[in-house]
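Visitor: The lines below spell out each chain.
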Amino acid sequence: METIADKIKTGKILVSDGAWGTFLQQKGLQPGECPELWNLEHPNEVFDIAKSYIDAGADMIETNSFGGSRFKLELYGLADKVYEINKAAAQISRKAAGPNKHVLGSIGPSGKMLVMGDVTYDEYYEAFKEQAIALADGGADTLVIETMTDIDEARAAVSAARENTNCEIICTMTFDKTPDGDFYTMMGIAPADMVQTIIDAGANIIGANCGNGMENMIAISEAIRSVNAEIPILIHANAGAPVYENGETHFLETPEQMASLVEKLVSAGANIIGGCCGTTPEHIRQIAQKVKQMQ
Amino acid sequence: MDSAELLKKLSECVEMGKVNKDAPFPPAMKGMDGADELTRQALEMGIKPIEILNDALIAAMEKVGEKFSQKKIFVPQMLISAKAMNASMEHLKPFFQSGEVKRKGKFIIGTVAGDLHDIGKNLVAMIVEGAGWEVIDLGVDVKTPKFLQAIAEHPEAIVGLSALLTTTMQSMKNTVNEIHAQYPNIKLIVGGAPVTDAFSKEIGANAYAHDPQSAVSYLNAQVA
Chain A
36 METIADKIKT GKILVSDGAW GTFLQQKGLQ PGECPELWNL EHPNEVFDIA
86 KSYIDAGADM IETNSFGGSR FKLELYGLAD KVYEINKAAA QISRKAAGPN
136 KHVLGSIGPS GKMLVMGDVT YDEYYEAFKE QAIALADGGA DTLVIETMTD
186 IDEARAAVSA ARENTNCEII CTMTFDKTPD GDFYTMMGIA PADMVQTIID
236 AGANIIGANC GNGMENMIAI SEAIRSVNAE IPILIHANAG APVYENGETH
286 FLETPEQMAS LVEKLVSAGA NIIGGCCGTT PEHIRQIAQK VKQMQ
Chain B
6 MDSAELLKKL SECVEMGKVN KDAPFPPAMK GMDGADELTR QALEMGIKPI
56 EILNDALIAA MEKVGEKFSQ KKIFVPQMLI SAKAMNASME HLKPFFQSGE
106 VKRKGKFIIG TVAGDLHDIG KNLVAMIVEG AGWEVIDLGV DVKTPKFLQA
156 IAEHPEAIVG LSALLTTTMQ SMKNTVNEIH AQYPNIKLIV GGAPVTDAFS
206 KEIGANAYAH DPQSAVSYLN AQVA
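Respectively, the protein sequence lines represent chains A and B.
Per our numbering, the very first residue in the first sequence carries number 36; after that it's consecutive.
Per our numbering, the very first residue in the second sequence carries number 6; after that it's consecutive.
Bear in mind the hints are in silico, worked out from the structure with no lab data behind them.
Heads up, some of the hints might be wrong.
Claimed, not checked - Straight-line Cα separation of at most 30 Å, DSSO-like style, residue types lysine-lysine; simulated pairs:
#1 B:LYS76 - A:LYS299
#2 A:LYS116 - A:LYS86
#3 A:LYS62 - B:LYS148
#4 B:LYS76 - B:LYS53
#5 A:LYS212 - B:LYS109
#6 B:LYS53 - A:LYS147
#7 B:LYS72 - A:LYS147
#8 A:LYS212 - B:LYS68
#9 B:LYS68 - B:LYS35
#10 A:LYS116 - A:LYS44
Model the full structure from these sequences, guided by the hints.
Guide: Right under this line is the structure:
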């Protein structure tokens, strides 16, 4: 299969998928339940999510493995199932994607901090290596290390994925806006700061995910582009910030609103556009439609 | 060095995160005495523990909390300051235990049921402790009975609830209701990434803290 980066080199804009966590919740995932265990216990539900994004027109889909590292699974007493759960995650998404669309094995943060002495760099590396290998074995052709806030944790995960699999590697971080209008992760990393370190660690594609909506992603894409003209940029934006009403959480950015910002986002430098929390197959369908019109 | 200079220096160590002489961070203070050594020297010099707490530690952590609110510093700097504060607090512990130094009050904190995230909760706990409060940290995935038990043991405490996930906002709501059903006068502060002031009002919490420093402001106002 041609890599994502190769497709981007030919000038293509690609479409990624939308939310998984909030989608699982709609399907009945309870607070306190391990989302990744659904790969083993409710594979059909997980398959439905993957398939709905393929049907919406995504060129690539993620896997239900965001919290699939040893660090997260051990909180549920599932540390001995890291390989099984991640491999199943990739197999389910591969089944939905078929042979010609990309499966992005999702790797989220560990929840442990180097600066606190919770964990060592080597422990990060080993845990991410274990997860990366299982995702690749299950059929992921790409790994997406996402929602990172600490540069060393991101670097450990990218290196582990690069050195132990043949997958294409994506790494995205999560930035918040400061009162001065700048963007930083909660650990103090600016978009431009991440670029060279993450590329040196072995990432083929970098970008941003989660956060507070599509609009902010335009400035973040520009910031990354300002320091590197070539590196492909992936953006997975939330459908705005969550709002709680009548006992339910809503994300208010509509598919129309998100799709209306696609052109601006591409002008800012983004090459791959998808969604994060609160985005649905309909968001992806409208983004895909917009991208199609543009090409 | 006179006592005012020593306290000023200790305050700087906590603000900059200089834990002890051997600590490599921050590089600009390499080889200098840190919070650990300076607190010992202060006590040896006869400075009262309450002055060390108020004039050095609380003053420094307030600056740290404010800079964090303004996003002039980020999580790592705050953690390293908290570490320096703890190194100093270790020397003050005997005076807390003997009752010679009284803290402002008690603060019970926990991440609500179903939510395993502890980073935000820990940051609030550190800053509140640094503001001179005794913190009782119940950990993560705290179900209501555990909060109720802690309140029974510390009925004068104010309680903080944390949630990171949009799904666990519902358990935050339940916890607020269940605690208030049994203890209508207990003050509850809520916070966490998806939590907003509007949500806090909707579920009947007493206050919303959008960052650690605003939790401190609310707490201090209760005992002012």
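Visitor: Indicate, hint by hint, whether the structure satisfies it.
Guide: Status of the hints after comparison with the structure:
no. : hint                : in the structure
1   : B:LYS76 - A:LYS299  : 28 Å, holds
2   : A:LYS116 - A:LYS86  : 25 Å, holds
3   : A:LYS62 - B:LYS148  : 24 Å, holds
4   : B:LYS76 - B:LYS53   : 34 Å, violated
5   : A:LYS212 - B:LYS109 : 34 Å, violated
6   : B:LYS53 - A:LYS147  : 37 Å, violated
7   : B:LYS72 - A:LYS147  : 23 Å, holds
8   : A:LYS212 - B:LYS68  : 21 Å, holds
9   : B:LYS68 - B:LYS35   : 22 Å, holds
10  : A:LYS116 - A:LYS44  : 38 Å, violated
In this structure, the earlier hints numbered 4, 5, 6, 10 are contradicted, and the remaining ones agree with it.
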